[in-house]
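Heads up: the protein sequence lines correspond to chains Z and B, in order.
Going by our numbering, the first residue of the first sequence is number 930, and it counts up by one from there.
Going by our numbering, the first residue of the second sequence is number 930, and it counts up by one from there.
Quick caveat, the hints were computed from the structure, so don't treat them as lab data.
There could be a bad hint or two in this list.
When chains are identical, the list treats them as one kind, so a pair holds in a single copy or across two.
Stated by the list, open to error - Under the rule of at most 25 Å between Cα atoms (straight-line distance), these lysine-lysine pairs were calculated in the DSS-like manner: (1) LYS971 to LYS1273; (2) LYS1062 to LYS1179; (3) LYS1322 to LYS1197; (4) LYS1273 to LYS1380; (5) LYS997 to LYS1346; (6) LYS1159 to LYS1196; (7) LYS1346 to LYS971; (8) LYS1346 to LYS1159; (9) LYS1289 to LYS1197; (10) LYS968 to LYS1321; (11) LYS1409 to LYS968; (12) LYS1185 to LYS1126; (13) LYS1286 to LYS1197; (14) LYS1196 to LYS1349; (15) LYS1062 to LYS1176; (16) LYS1197 to LYS1321; (17) LYS1180 to LYS1390; (18) LYS1314 to LYS1185; (19) LYS1390 to LYS1196; (20) LYS971 to LYS1156; (21) LYS1176 to LYS1159; (22) LYS1287 to LYS1156; (23) LYS1408 to LYS1159; (24) LYS1390 to LYS1197; (25) LYS1156 to LYS968; (26) LYS1014 to LYS1104; (27) LYS1273 to LYS1197; (28) LYS1314 to LYS971; (29) LYS968 to LYS1154; (30) LYS971 to LYS1349.
There are 2 protein chains.
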Amino acid sequence: MSFLNHNLFKTLFNYSMPMVDMNFFFNPKSIAVIGASSKPGKIGFQVLKSLIDAGYKHPIYPININTKDILGFKTYKNIIDVPNKVDLVLYALPAKYAPNAVEECGKKHVKGMVIISGGFKELNGEGAELERKTVENAKKHGIRIIGPNCIGILNPKNNVDTFFQPRYAMSRPKKGNVSVLTQSGTFGLSMLELLAKEDLGISRFISYGNRADVDELEMLRYLEKDKETKIVALYVESLDDGREFVKLAKKFVLKKPIIVLKGGRTKKGAQAAKSHTGSLAGNDAAFIGAMKQSGVILVDDIDELVDVVKILLMQPLPKGNKVAMVTNGVGPCVVATDEIELSKYLNLANLNEKSIKKLKEYLPEFCVFSNPLDITGSATAEWYKHSLDILKKDNGVDILMPFFVFQDAPLSETIRKLHKIMKEENDLKKPIVCVALGWEFTRRQIETLQKNKIPCIPTPKRAVKALNKVAWYSEYLRKKS
Amino acid sequence: MSFLNHNLFKTLFNYSMPMVDMNFFFNPKSIAVIGASSKPGKIGFQVLKSLIDAGYKHPIYPININTKDILGFKTYKNIIDVPNKVDLVLYALPAKYAPNAVEECGKKHVKGMVIISGGFKELNGEGAELERKTVENAKKHGIRIIGPNCIGILNPKNNVDTFFQPRYAMSRPKKGNVSVLTQSGTFGLSMLELLAKEDLGISRFISYGNRADVDELEMLRYLEKDKETKIVALYVESLDDGREFVKLAKKFVLKKPIIVLKGGRTKKGAQAAKSHTGSLAGNDAAFIGAMKQSGVILVDDIDELVDVVKILLMQPLPKGNKVAMVTNGVGPCVVATDEIELSKYLNLANLNEKSIKKLKEYLPEFCVFSNPLDITGSATAEWYKHSLDILKKDNGVDILMPFFVFQDAPLSETIRKLHKIMKEENDLKKPIVCVALGWEFTRRQIETLQKNKIPCIPTPKRAVKALNKVAWYSEYLRKKS
C-alpha cells in the first residue's frame, strides 16, 4: 500500500518484538522527570507541575543537577541516585542529551520513557541521528519510548498527566470512554479541550509525535483490550504500517468505532507534515480507500470528529438511514433537508399516513404536517413529546432529529421537561440527534440534554455531516454481520 | 431567470410603487402592539416586554380588549382609541383578524406594520387568502408590511426590538455595522446570537418571513444608503425578483459586501421552504451562477457566514491570494495547508530567500523555516512579532495567518503582549486571520484579539473556507475596478 511509511529503525529493531503490556505507561508506580525545572514557564517545570496538579498518587522524582527541591519534591542530580524503583521517565531536556539519558535509565531498569522534547527526526540531519541513537539505546535496555516531540499521556483515572500546558490554560476532560491517539500534540490537546467542553470523558490519551518506538498499532492493540475505551479517535499524518493497520482496524471496528482525522492529504500538506513529525504522509486516495475498506470513520475537521464521537457515545447506531425532523422553527430544517439530500448515506423519511393522522389528532391545525414536521413557534415541550412518540413508532423512520429554538418564549417556559421526554423517547433504540442554534441560554439547555445522553449539534450542516458518517459506519457493520 | 419567484400580489400592487423611506420601521416615534397580552409566555406579552426591555424611548400602546394595563402601560381596546399618532404597529393576534386590523390601522394613519403571527400563505388555502386580503387592505391605506410569519425588527441604536424571544433566552448584539435580512426568523435570531457571541454589532435586522409586502430589494436599497451598514448578511429561501436582485447587488457589492446563505437548494429542501415561508425556492445552479455574477458571497452554513462577516469587518481585503502561516504547533497548519491546496482561490505563499535569511537570523535553529513557519512550542510573543514583521514585508505574501496554541506554557506567559503586536503588524494593510483551537482560556485570548480587530477562527478548515470566500470577493472587486 502506497501510504505505508516504513521507518528504518522499526524495521531493524521492532518487527519481531512481542506485544507488550503497556500498563507501565498508563499506571506507573513511580515517575521521574529528567530536566525538571524550578522556573515557571519552562517545559520541565510545567510537566512536573501537571503531574502534581493531577493528583498523581505514587512517588515523583524530579531530576535536576542544580536544585535541591522543586515544588516541594526532593530533587536528584541523576536518575541513578533515585533510591527506589522508577517505572516511567518523562524527558524534557534538549535532544542532544537523550541517548545518554536513555543509557542511564537502562541502568536504573526504567520500563518506559515519554520524550517530550523536540529536535529529533523532524529536523533531519543531526536530529534524525539523535533519534536513531536514542531508540537504539532504548532497545538495548528494553525501554519503550513514547515520542519524541509530543505532549505525552493523560490518564484521568490514575492521575497521570505529562502535559506542559498549565491547567489554567488548558482544561482536562474527566475520566470516561473515549481514547485519543495523536501524532500532533496541538490537535491532541485541542481534542481534549473540545471533549471537556462537551463534558465527554477520556480513557487514555497518547500523543506520540515522531513515533520513534511505540506506534498506533501497539496502542490500538492495547486499547482493544481496555475495558474503559469504547471509542478511539486518531489524528494521523501517516501510518507506520498501513497493511497491518487495516488488518487490525477491520477487527477492531466490529467492537469499537475508530474515527480518523488525517493531516497531509495534499502534496504540500504532506510536506508540512514531514517537517512536523518527521513522517511523510502517503497517497490520499489510497489512504481513503483503505480506511473505508476497514470500517474506519474518516472526518474532515476537529469539529466533525467531536460531533461523531458525541453521537456514537450517547446514542444507539441507526438501523437505517431515514431521518425524521421535528421543529419549532423551520429555517435550519430547510438547510438540513438540503444537506440530507446532498449526503451519500442519509434520506429524508416519508412519514406514513397513520403517523400523519395521529399527529393531526394531537397538534393544532396550523402545524405543517410533513417532514420536517413544523410544530411552530408556539410549540411546547408536550408537543415535542407527542410528536417524537409518534415519529419513533413510524416504521419508515430510523433516526429522530428534533430541532429546537430554545429562544422562543413558549418553549423556554417548559424547557425543564424536555430532557426527561427525550430520554423516554429512546425506548425503541432509534438514535436521537438534536440541533439547537444559539449562545448562552441555548448552551445551558444543550448541557442539560447532553447530561442525559441526548446529543446536540450546534448547526444543521454539522449535524447532518456527522450523522452521515454514523449512518455509513452502521451500514458497514450491518454488511459485515 | 428560473429562480425568480413572482408573487402575484406584488405584481398587482407593488410594481410601480416608488421607493419609500422605511425609517418609520426602524425609527418609529410611537408603537402599538395589537394582541398585547398580560400572560408571560404568550407571544403578545413577550413582544411588548422586549420593546420595554430594549429601552424604547417613545410612546408604547398595548392593544387588548380585556385588560386595563400591561407591564405598567395603559392598554387600549382598539387602535382607534389611542389618543396620539401611531407610526408602527406590531401585530401578534391570529391571522384571521389581520385584514380587519389593517383596516383599523388605516383609519389611524399607521405607516407600517410588523405582522409577527403565522397562519398565512405558508399554510396555503385560507391562509393565503388571508394574506392576500391583508396586503390588499394595507395597499389601500398606504401601510407597509414586514412579514407576516416573522420575528420582525431589531435596531439597537434606537432600541426597537420586536422579538418574542425573551432576553434571558436570547442575547441581542450591540449596535454596530452588520445588517441582517432573513426569511427565517430562526436563522435570524441564531445569527444575532452568534454575532453577539463574537461581540460584533448590528445596524439593522429585518426578519421578513412570508415577504407579503416589503422585500429584500427595498431593504437592500434602504441599507445601501444606511451609513452604519458596512456589510449585509442574508438568509434567503427564494428571491422575489431575481433579475432585479442581481442588478442591484452588482452595484451594491462595489461599496459593501453581501453574504448569502441559501436554504432550499435541493428539491426536497425547496419543498420544506415552501411550507416555511410560502415561497418556492428555485433552481440551485441558476441561483449560484447569478450570485457569483453579481459578486455576492455565498456561504454554506451559519458558522461560515459569521466567519466571513468577522474577517470582512475587522480586516482589509487581501490584494492577492498567497497565504503565509506561522505557528507554535504545526498539526492544525498541516490540515490548513491541505485545505488551502484544495481551495479554489487561495495558495500557499513561497517565502522569498531574504525572508528566510532574516527569520534564521532571529529565531532559534530548531524552528522549521518554511511555510507554515514552525516557531515551536517554545515560541514567545516576541518570536511571533519578529516572524510576522518579516512575513508581512515579503512581496510574495498577501495574507498573514498566525496559528496559536495558547495552551502552551511559554506563550501563555506573554499572551498580554500579543494583541498589541498584532495591531502593529497591520500597517501594510495585509489582512491577518488567526486560528486558535481550544476552550475557556483560549476563548478569552481570542476575545482580547478580536476587541483589537484581529479575527480568530476556531478551526483550520473553517478559517481557510472563510478566507477562500473573502479572497474570491476581493478578486471579483479587482476585476471590476
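Now the hints, each set against the structure:
1. Taking the shortest alpha-carbon separations for LYS971 and LYS1273, neither the intra-copy value of 49 Å nor the inter-copy value of 42 Å comes in at or below 25 Å.
2. In the homo-oligomer, the alpha carbons of LYS1062 and LYS1179 never lie at most 25 Å apart, since the shortest distance is 35 Å inside one protomer and 64 Å across protomers.
3. For the identical chains of this complex, LYS1322 and LYS1197 are inter-copy neighbours only, at 23 Å across copies versus 51 Å inside a copy, given an alpha-carbon limit of 25 Å.
4. For the identical chains of this complex, LYS1273 and LYS1380 are neighbours neither inside a copy (31 Å) nor across copies (41 Å), given an alpha-carbon limit of 25 Å.
5. In this homomeric assembly, LYS997 and LYS1346 never come within 25 Å of each other (Cα to Cα): the closest approach is 59 Å inside a single copy and 34 Å across copies.
6. In the homo-oligomer, the alpha carbons of LYS1159 and LYS1196 never lie at most 25 Å apart, since the shortest distance is 34 Å inside one protomer and 39 Å across protomers.
7. In this homomeric assembly, LYS1346 and LYS971 come within 25 Å of each other (Cα to Cα) only across copies, at 19 Å, whereas the closest approach inside a single copy is 50 Å.
8. Neither within a single protomer nor between protomers do LYS1346 and LYS1159 lie at most 25 Å apart by alpha-carbon distance, with minima of 30 Å and 43 Å respectively.
9. With identical chains, the CA atoms of LYS1289 and LYS1197 are at most 25 Å apart between copies only, with a shortest distance of 22 Å across copies and 57 Å within one.
10. In this assembly of identical chains, the alpha carbons of LYS968 and LYS1321 never lie at most 25 Å apart, being 59 Å within a copy and 34 Å across copies at closest.
11. For a Cα distance limit of 25 Å, the shortest separation of LYS1409 from LYS968 qualifies neither inside one copy, at 56 Å, nor across copies, at 57 Å.
12. Within a single copy, LYS1185 and LYS1126 get their C-alpha atoms as close as 23 Å, which meets the 25 Å cut-off; across copies the closest is 37 Å, which misses it.
13. Within a single copy, LYS1286 and LYS1197 get their C-alpha atoms only as close as 57 Å, which misses the 25 Å cut-off; across copies the closest is 22 Å, which meets it.
14. Neither within a single protomer nor between protomers do LYS1196 and LYS1349 lie at most 25 Å apart by alpha-carbon distance, with minima of 50 Å and 36 Å respectively.
15. Taking the shortest alpha-carbon separations for LYS1062 and LYS1176, neither the intra-copy value of 31 Å nor the inter-copy value of 69 Å comes in at or below 25 Å.
16. In this assembly of identical chains, LYS1197 and LYS1321 lie within 25 Å of each other by CA distance solely across copies; the values are 21 Å between and 48 Å within a copy.
17. Taking CA atoms no more than 25 Å apart as the test, LYS1180 paired with LYS1390 passes in neither setting, with 31 Å inside one copy and 31 Å between copies.
18. Proximity of LYS1314 and LYS1185 under a CA criterion of 25 Å is satisfied in neither setting, with 32 Å inside one chain copy and 45 Å between copies.
19. With identical chains, the CA atoms of LYS1390 and LYS1196 are at most 25 Å apart between copies only, with a shortest distance of 17 Å across copies and 28 Å within one.
20. In this homomeric assembly, LYS971 and LYS1156 never come within 25 Å of each other (Cα to Cα): the closest approach is 36 Å inside a single copy and 51 Å across copies.
21. For a Cα distance limit of 25 Å, the shortest separation of LYS1176 from LYS1159 inside one copy, 19 Å, qualifies, whereas the shortest one across copies, 56 Å, does not.
22. Taking the shortest alpha-carbon separations for LYS1287 and LYS1156, neither the intra-copy value of 44 Å nor the inter-copy value of 53 Å comes in at or below 25 Å.
23. In this homomeric assembly, LYS1408 and LYS1159 come within 25 Å of each other (Cα to Cα) only inside a single copy, at 21 Å, whereas the closest approach across copies is 54 Å.
24. With identical chains, the CA atoms of LYS1390 and LYS1197 are at most 25 Å apart between copies only, with a shortest distance of 15 Å across copies and 28 Å within one.
25. Neither within a single protomer nor between protomers do LYS1156 and LYS968 lie at most 25 Å apart by alpha-carbon distance, with minima of 39 Å and 54 Å respectively.
26. With identical chains, the CA atoms of LYS1014 and LYS1104 are never at most 25 Å apart, being 27 Å at best within one copy and 64 Å at best between copies.
27. Proximity of LYS1273 to LYS1197 under the C-alpha cut-off of 25 Å is restricted to the inter-copy arrangement: shortest distance 15 Å between copies versus 29 Å within a copy.
28. Taking the shortest alpha-carbon separations for LYS1314 and LYS971, only the inter-copy value of 20 Å comes in at or below 25 Å, while the best intra-copy value is 55 Å.
29. Within a single copy, LYS968 and LYS1154 get their C-alpha atoms no closer than 40 Å, and across copies no closer than 58 Å, so neither meets the 25 Å cut-off.
30. Taking the closest pair of Cα atoms, LYS971 and LYS1349 come within 25 Å of each other only across two copies (24 Å); inside a single copy the shortest separation is 48 Å, beyond that limit.
Hint compliance for this structure: hints 1, 2, 4, 5, 6, 8, 10, 11, 14, 15, 17, 18, 20, 22, 25, 26 and 29 are not met, and every other hint is.
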